[in-house]
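*Asks:* Here's the letter readout for the chains.
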Amino acid sequence: MARVIVDVMLKPEILDPQGRAVSGALTRLGITGVNDVRQGKRFEITVDGNVADVDESAMRSIAEELLSNPVIEDYTLRIEP
Amino acid sequence: MARVIVDVMLKPEILDPQGRAVSGALTRLGITGVNDVRQGKRFEITVDGNVADVDESAMRSIAEELLSNPVIEDYTLRIEP
Amino acid sequence: MTLDTVTHAAEHPEDDQPFAELGLRPEEYDRICEILGRRPTSSELAMYSVMWSEHCSYKSSKVHLRQFGNKQPEGGWPQLMVGIGENAGVVDVGDGWAVTFKIESHNHPSFIEPYQGAATGVGGIVRDILSMGARPIAIADPLRFGPADAPDTKRVLPGVVAGIGGYGNCLGLPTIGGETVFDASYAGNPLVNALCIGAMRHEDVHLASARGVGNLIVLYGARTGGDGIGGVSVLASETFDAEGPAKRPAVQVGDPFMEKLLIEATLEVLHTGLVEGIQDLGGAGISCATSELASNGEGGMHVWLDRVLLRDSSLSPEEILMSESQERMCAVVTPDNIDAFMAICAKWDVEAVVIGEVNDSGRLTIDYHGERIVDVPPRTVAHEGPVYQRPMSRPMDLDALQADSSDVLPRPTTGAELKKTLLTMVASANLASKAWITDQYDRYVLGNTVLAQPEDTGMVRIDESSGRGVAVSTDCNGRFVRLDPYAGTQLALAEAYRNVAVSGARPTAVSNCLNFGSPEDPEVMWTFAEAVRGLADGCLELGIPVTGGNVSFYNSTADTAILPTPVIAVLGVIDDVERRTPMAWGPDGELIYLLGDTRAEFSGSEWAHVMHGHLGGQPPRVDLAREALLADICIAGSRDGMLTAAHDVADGGVAQTLVEMALRAGVGARLWVPDDLDAAMFLWSESAGRAVVVVARSEEMRFTDMCAARGMPATRIGVVDSGLGAELGFTSSGDAGQVLDLSGKFTVSLAQLREAYEGTLPDLFDSGFSR
Amino acid sequence: MTARIGVVTFPGSLDDRDAARAIRIAGGEPVVLWHADADVRGVDAVVLPGGFSYGDYLRCGAIAKFAPVMGTVIEQARTGLPVLGICNGFQILCESHLLPGALTRNDHLHFICRDQRLRIDATDTVWTAAYTPGEEIVIPLKNGEGGYVADESTLDALEAEGRVVARYLEVNPNGSRRDIAGVADPTGRIVGLMPHPEHAVEALTGPSTDGLGFFASMVTSLIESAP
Ligand SMILES: Nc1ncnc2c1ncn2[C@@H]1O[C@H](COP(=O)(O)OP(=O)(O)O)[C@@H](O)[C@H]1O
Ligand SMILES: [Mg+2]
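Protein chains in written order, with our numbering: chain A, 218 to 298; chain B, 218 to 298; chain C, 233 to 1003; chain D, 46 to 272.
Just so you know, these hints were derived from the structure itself, not from any lab.
Fair warning: this is a prediction, and the values are worked out from it, not measured in the lab.
All C-beta atoms in this analysis are idealised placements derived from N, C-alpha and C, irrespective of residue type, glycine included.
Each hint should be verified, as a subset may be incorrect.
Partner residues are not named here, just some residues of chain C that face chain A (Cβ under 8 Å, in silico) [as the list claims (entries may be wrong)]:
#1 G458
#2 V483
#3 D544
#4 I576
Construct the entire structure; sequences and hints are all you get.
*Replies:* Here you go:
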């Protein structure tokens, strides 16, 4: 079994109300030194076979077309054993 | 600047309807070999100072009390430069 | 980085400016130079280009829209408190209450990013209403998509619906109506229109103007980021050196929670009397807000642009001026009140900063870190933009199209054919239940919703003690408009008017969202002009003013324009919501009447579309006097307690009306075809000016006498009949044993109808994974 | 004797006015409580209303539990202050660990607003005493994250102790385990409910007036227990 991890985050220039809400909560809780919080999505896809068997380009196109919207989001993808 | 990354995923025994929907979409797109999909949240917290300055225990308690709900979720935390 | 200051511009007339990339024509650029007596600075160019865009200046539509103001009764409109021109018009609805409502389009953003596009569409219209001093009380969402089974519709529709729900639900506004229409012409260019209604006391009406020398301009709400300024990056890249600015997103992301705080903070500063003038920030952001406030005031205004709180510190001054970041407002506050104003913002966790001051210079001046970057006469930016008489020509294919009537298409005749047609029609995407969509909208929040989808109209109570309320309905059959834009637009007006009236409210005012193709296409422009003429004439005849609206041009893909879609919203007033007439018919034995005349009018109908894929002929005849009479009768019937139910007849004809009434009630009926009609004509013709009403036996004489006296044809077409031994009522098993029986033709069970009616949208959209 | 019932307004609370209206119609006196104020003004009971506190961007109710007012509510609830959490309020009670379990994203992934049939299974709580055991009611439901989850032993214990206050009938609208729509703490003073009784107190604006019982139960209990 291999695991494909796709992290999807809003592009840095896009407003992230979720991250802002967490940021606000941290401030109210008295946590200092926090500069910025961004909240995104994490997908863990378990696939048959081992790392070498994973069709990375297929996975990339899924990450790009299904799991994220390139207009507002960036993704990173990695394959783990 | 250091970055604290917190990944929050539903516990394995909790139904993950979002992961299930992604799974279904993959099948409809003709992608085979996918065993399971789980969807969670990823937080990127940028803090002042460098990695050594980060108060990890404070961050862990935030991850546990604010960023995740231990009744249904697990988290992992790591600190990156 | 070099800052293009006013001095620099005056000294360097030779600098090339990318006006064409910003959408300005050479003669428009020349006019700016003439107004200023020099070339504009890049910041001024940014302001003029966006304020003179079609979207902000209405340069192609203005000459036509004037009719809404010009065609009015002698002495003006009695119910109108604030007319066209303000953020939204205001209508007197009695007892010291005023209501404002408006629709706006967010079509293009919703195609690119359906969720955020639709969400920010709701956010924008809500701020428009708020800026009149009103508390937003309800929203509605007229939507148009490509074919229901098209793959792209599966991407766009769920996202749009989730976005409207996500924003509206979180904001705490009930969604009480809307439309969902599928047509191939909208593939690649869906229409996402959003309507908001707000209510206030007469004395709370506020206008957007900056008066009083020394008064302060406060910008409050979300911070300013690089949202929606793709276009102006051209300027930034000219002014910035080699590395250039970060890439700017064209898509805006909404923050409904911030908007909720903005609403509460704004209403609190308004009600404590802390505000002299107020303005929302929508398209064109600070450029628009400052120039409009200054232009509406009598003096001038000065702005310190570097005081604007930024989300992204790399923004250039041009970009700050243009940013379309959401959830921001501007207020004019006296120096005496500024501390109290700031305290209320702080209470609601809303950031606020003084960015400017009213003065008597007659100019709008803007400084950036001590340097003058804008010095303009504000009216020339906000109100004296270019105005075009675009060429117009009647579509070449219109004669041929109108000659190709649907009335000659083969119609079903046997009982079996009729029944099969009924089930097909009821299950077709445009007629099928929209519950899959509307169940994603909170219709209960605020606790004043009296009617909501699937009723003819949305209705909300505005005064708990008196029961006074307002109703709103939006409509447009774009096929009718395509066949005859003048008549088709009047049919849209008539339908919205009728929907409001059948529920017992008195239609009072009109708003609109005119969705068309390119104004540079003379055929589109002619169609647009005819639609506006039809609407203005229709409103005059019905005695209800247009209070505002929105024009959305350039709705086309490749070279095909969408069906011309002037969405018309009618607002009604009801003195006591307790007397509203719902659509579900009542108990056994009540009598079902069809009001109005039925003719063979199938052109542009849903029947021709679904059963024959045909579009041609002349739309149904328009008779606005008849519509007004129908409204009077429905309102009288409600006031005098004669009607237990009413439902208008429109898309899908009488058949659809009856099915919806039966399914809403869970109770069947025995029906018959009137003597002079063939069954298919009775069931599916879309003649206008009709409604189905339900009358208790004890009221029958009184009701039919009233109709006869007033010249309204009333034909008994059936009786509510729960069937032998079947259980009555609204329980979940209410359908059991219930049938619609069309005497001598066919019998169909409600269970079968419900399956057809309710299954379609879930089958199409349930499986979708939406981001 | 008046029954003074506090309604907390968090930033993003939406149904606070409706909850106050419901309390008034039931004969109680609604008292406005503000999130940033730790003082609960000596109220006899508290309603945590529906809405999207702090936008609910992180997790529903996750941020609200840290509000100053919640410090007091949590402390007093542990010593007997009756609390009813509706929808977002239920989520806040779970996040605050005053009630077991958690509320997760609806299994069909959509926000849903519908008139929901419920069965009242526990009538020995201070918020449900006005109902008869097994009574069926129809009140609005509207949520995006209403799927009630808890581990099997917690669910078993809730059922064994009669702490399942209400269950969904006909349709399970959000994938809640064992059709649970509401639960109570062991004392029956703290109740969380996903559907909205405050939207069913007037025939004109709700699908029924079935929701009134929750507020009437509390008002009656306060008046009866008055010295
Ligand atoms: N997108 C939508 N949002 C809200 N309500 C909708 C939407 N689409 C349809 N509806 C509602 O569904 C019902 C039926 O719509 P429609 O058939 O267009 O009504 P009518 O023909 O009477 O104008 C109406 O109550 C309408 O408000
Ligand atoms: Mg209707």
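*Asks:* Next, verify each hint and record whether it holds.
*Replies:* Okay, the hints, checked on the actual structure:
Interface hint at G458(C): satisfied, since its Cβ lies 5 Å from the closest Cβ of chain A, which is below the 8 Å cut-off. Among the interface hints, the one on V483(C) holds; its C-beta lies about 5 Å from the nearest C-beta in chain A, closer than the 8 Å criterion. The beta carbon of D544(C) comes within 6 Å of a beta carbon in chain A, closer than 8 Å, and the hint placing it at the interface holds. The interface hint given for I576(C) is broken, as the beta carbon of that residue sits about 19 Å from the closest beta carbon of chain A, more than 8 Å.
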